[in-house]
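These are the residues of each chain, in order.
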Amino acid sequence: MKFESHTMYYIHIVLLRIKGADFMAYMIITGLICGALLGFVMQRGRFCLTGGFRDMYLAKNNRMFYALLVAIAVQSVGVFLLIDMGVFEYSAGTLPIVAVIVGSFIFGIGIILAGGCATGTWYRAGEGLIGSWIALAGYMLMSTIMKSGVLAPINQQIQGSSVLPTNSIADTFGINHWFIIIPFVAIVAFILFKQLTKPKVAIPALKAKRTGLAHILFEKRWNPFVTAALIGVIALIAWPLSAATGRVFGLGITTPSANILQYLTTGDSTFINWGVFLVLGIFAGSFIAAKGSKEFRFRMPDVKTGINSFVGGNLMGIGASLAGGCSIGNGLVMTAAMTWQGWIGLIFMILGTWTASYFVYVRPRQKAKAAKLKEQVAAV
Amino acid sequence: MQKRLEVLGMVCPFPLIEAQQAIEELNSGDELVVDFDCTQGTESIPRWAAEAGHTVTNFEQTDEAAWTITIQKK
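Chains as they are written, first to last, in this note's numbering: chain A, 1 to 380; chain Z, 1001 to 1074.
These are calculated hints, taken from the structure and not from any lab test. Be a bit skeptical, because a hint or two may be false.
Stated by the list, open to error - When the alpha-carbon atoms are kept at most 30 Å apart in a straight line, the in silico DSS-like pairs for lysine-lysine are as follows:
no.: 1; chain 1: A; residue 1: Lys200; chain 2: Z; residue 2: Lys1074
no.: 2; chain 1: Z; residue 1: Lys1003; chain 2: A; residue 2: Lys367
no.: 3; chain 1: A; residue 1: Lys60; chain 2: Z; residue 2: Lys1003
no.: 4; chain 1: A; residue 1: Lys209; chain 2: Z; residue 2: Lys1074
no.: 5; chain 1: A; residue 1: Lys220; chain 2: A; residue 2: Lys294
no.: 6; chain 1: Z; residue 1: Lys1074; chain 2: Z; residue 2: Lys1003
no.: 7; chain 1: A; residue 1: Lys291; chain 2: A; residue 2: Lys220
no.: 8; chain 1: A; residue 1: Lys367; chain 2: Z; residue 2: Lys1074
no.: 9; chain 1: Z; residue 1: Lys1074; chain 2: A; residue 2: Lys374
no.: 10; chain 1: A; residue 1: Lys220; chain 2: A; residue 2: Lys194
no.: 11; chain 1: A; residue 1: Lys374; chain 2: A; residue 2: Lys304
no.: 12; chain 1: A; residue 1: Lys220; chain 2: A; residue 2: Lys209
no.: 13; chain 1: Z; residue 1: Lys1003; chain 2: A; residue 2: Lys207
no.: 14; chain 1: A; residue 1: Lys372; chain 2: Z; residue 2: Lys1074
no.: 15; chain 1: Z; residue 1: Lys1003; chain 2: A; residue 2: Lys220
no.: 16; chain 1: Z; residue 1: Lys1003; chain 2: A; residue 2: Lys372
no.: 17; chain 1: A; residue 1: Lys304; chain 2: A; residue 2: Lys60
no.: 18; chain 1: Z; residue 1: Lys1003; chain 2: A; residue 2: Lys374
All values derive from a computational prediction rather than experimental measurement.
Generate coordinates for the entire structure from the input sequences, incorporating the hints supplied.
Written out as C-alpha cells, the structure reads:
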C-alpha cells in the first residue's frame, strides 16, 4: 500500500521535527486549542450528557441521547477513514467486562450526584460553579487513588478478572469495521431525519441584544444536533493531534485529570501529556464562552449540594477508573471506535443515572406528595 | 395572581422541578415568576413551558448568570 506508507512517513517526519522543546510547545498548543474548542461548544450548546441521560427517564425525552449518537457517528466515520489511510494505528485490546459494567454503573450514579459528567464538571467549573470545583476535586483525588494510590491493587484485580479477548465488535464477528459503521450511520441518519421533521414547538427565546457573529457565538440558542456534529468533529481531530504526541487515543478526561494531580504531587513530568492540556483547555474554553455570554459568576452551593457534589465526584473517580473511561472516554470515543467497552459502558452508565435519578428526584417528590395527601386527609 | 419562585443557587434540574411543582398549585391564567441562575435552565425551563402548553410572558437576563422567566399557566 503505497499511500499508507507515504502517510506514515509524513507523520514520522512531523514527529521527528517536533522533539524536545518544540514537542512540548506542540502538545500545549494543540491540546489547549482542542480542549478550548470543546469547552466552548459544550458550554454554548448546553451539551450535558448527565442531563440527557437523566431526562430519558424523568422526562421521557431522548433528544440529548440522539445528539450523542450524532457525535459518535461523525467521529466514527472520520476515525476509521484515518485508520484506513494509515495516519495512525489503533488496537482496541481486550475487554475487562466486569470492571466496565460495575465501573460504568457507579460512574452513572456519581454524575447524577455531582450534577454533571466528567467534561460537564470541567466546563461548569469554568462557569464559576463552586459545586463543580468540589466535584472535580473529589473526582481527581479518587481517580489518582484508584490509578496509582492505595486502591490501585484492587482496581487492577477487578480489571484483571474476567477479561474477554476481543474488545472490537468487528473482530468478534470477524468482519470489516465498515459493516458495523455503515448500518450504525444509517440508523442515526434515520433518527435524525425523524427528529428534524417532527412538528416543532416554538421555544421562547431571550431578546437578542447583539447581532452578527457575536449573536451566534455568545447569545443564540444552539441546535443540539449542530452542537453534537461540532463535538463529533472536535472528537475526530483530537485523534491525529494526540497520536502525533504518541498518545494514540481521542478525547479522554479521567486519566488526564488524575495526571494533573499525580504531576502536582510527585513533580514527575512524565505525567504531563496531551490529555492534560486538553482538560485544561476545556476549562479555559468554557470560561471564555461563559464570560463572553455573561454567564460567568462564582456560585456557592448550599451544604447539601456541596456534599452531593463531593460524594458524586468520588464515585465518578472510582467508576471511571474501573471502567477505563467516563462518559467521554467510553461513551463518546470508545463507542465511535466500535468497541464492546464503549457500548456496554454507555448502557450501564445510563442505567446508573436512572437508578440515582429515582432516589434523588423521583422518590423525594413521591414522598412529599404522599405527606401532603396525608395532611389533607387529617385536616378533613 | 402571580407567584414568585426564588431558586437562585439551585443547580439543574432542580429549578425546573421546582417550577413544575409550583405551577401545579396555580389556577389557569395565574403567573409563575421563576428567578434562577442555573445556565442550563435557560434551555430547559422555556422548553418545558412551551411543550406543556403554558405561555411565557417574560424571559430576560437580569444580571451576569441570572435570569427571570414568567410563565402563565394554560
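Status of the hints after comparison with the structure:
1. Under the criterion of a C-alpha separation no larger than 30 Å, the hint pairing A:Lys200 with Z:Lys1074 is consistent with the structure, at around 19 Å.
2. Our distance criterion of 30 Å between C-alpha atoms is met by Z:Lys1003 and A:Lys367, whose separation comes to about 24 Å.
3. For a cut-off of 30 Å, the pair hint linking A:Lys60 to Z:Lys1003 stands: about 28 Å separates their Cα positions.
4. In summary, the hint linking A:Lys209 to Z:Lys1074 is supported, as the alpha carbons are separated by about 29 Å, within the 30 Å threshold.
5. For the proposed pair A:Lys220 and A:Lys294, the alpha carbon gap of about 13 Å is at most 30 Å, so the pair holds.
6. About 15 Å separates the Cα atoms of Z:Lys1074 and Z:Lys1003, which keeps this hinted pair within 30 Å; it holds.
7. Restraint check for A:Lys291 and A:Lys220: satisfied, since their Cα atoms lie roughly 15 Å apart, inside the 30 Å limit.
8. Note on A:Lys367 and Z:Lys1074: the hinted pairing holds, with a Cα-Cα distance of about 27 Å set against a maximum of 30 Å.
9. Taken as a hint, the Z:Lys1074 and A:Lys374 pair is honoured in the structure, with Cα atoms around 28 Å apart against an allowance of 30 Å.
10. Between A:Lys220 and A:Lys194 the CA atoms are separated by roughly 24 Å; this keeps the pair inside 30 Å, and the hint holds.
11. About 27 Å separates the Cα atoms of A:Lys374 and A:Lys304, which keeps this hinted pair within 30 Å; it holds.
12. The suggested pairing of A:Lys220 with A:Lys209 holds, with an alpha-carbon distance near 10 Å, which does not exceed 30 Å.
13. Note on Z:Lys1003 and A:Lys207: the hinted pairing holds, with a Cα-Cα distance of about 23 Å set against a maximum of 30 Å.
14. The hinted pair formed by A:Lys372 and Z:Lys1074 meets the criterion: a straight-line CA distance of about 24 Å does not exceed 30 Å.
15. In summary, the hint linking Z:Lys1003 to A:Lys220 is supported, as the alpha carbons are separated by about 29 Å, within the 30 Å threshold.
16. Only pairs whose Cα atoms come within 30 Å are accepted, and Z:Lys1003 paired with A:Lys372 is accepted, the gap being roughly 20 Å.
17. In summary, the hint linking A:Lys304 to A:Lys60 is supported, as the alpha carbons are separated by about 27 Å, within the 30 Å threshold.
18. Restraint check for Z:Lys1003 and A:Lys374: satisfied, since their Cα atoms lie roughly 25 Å apart, inside the 30 Å limit.
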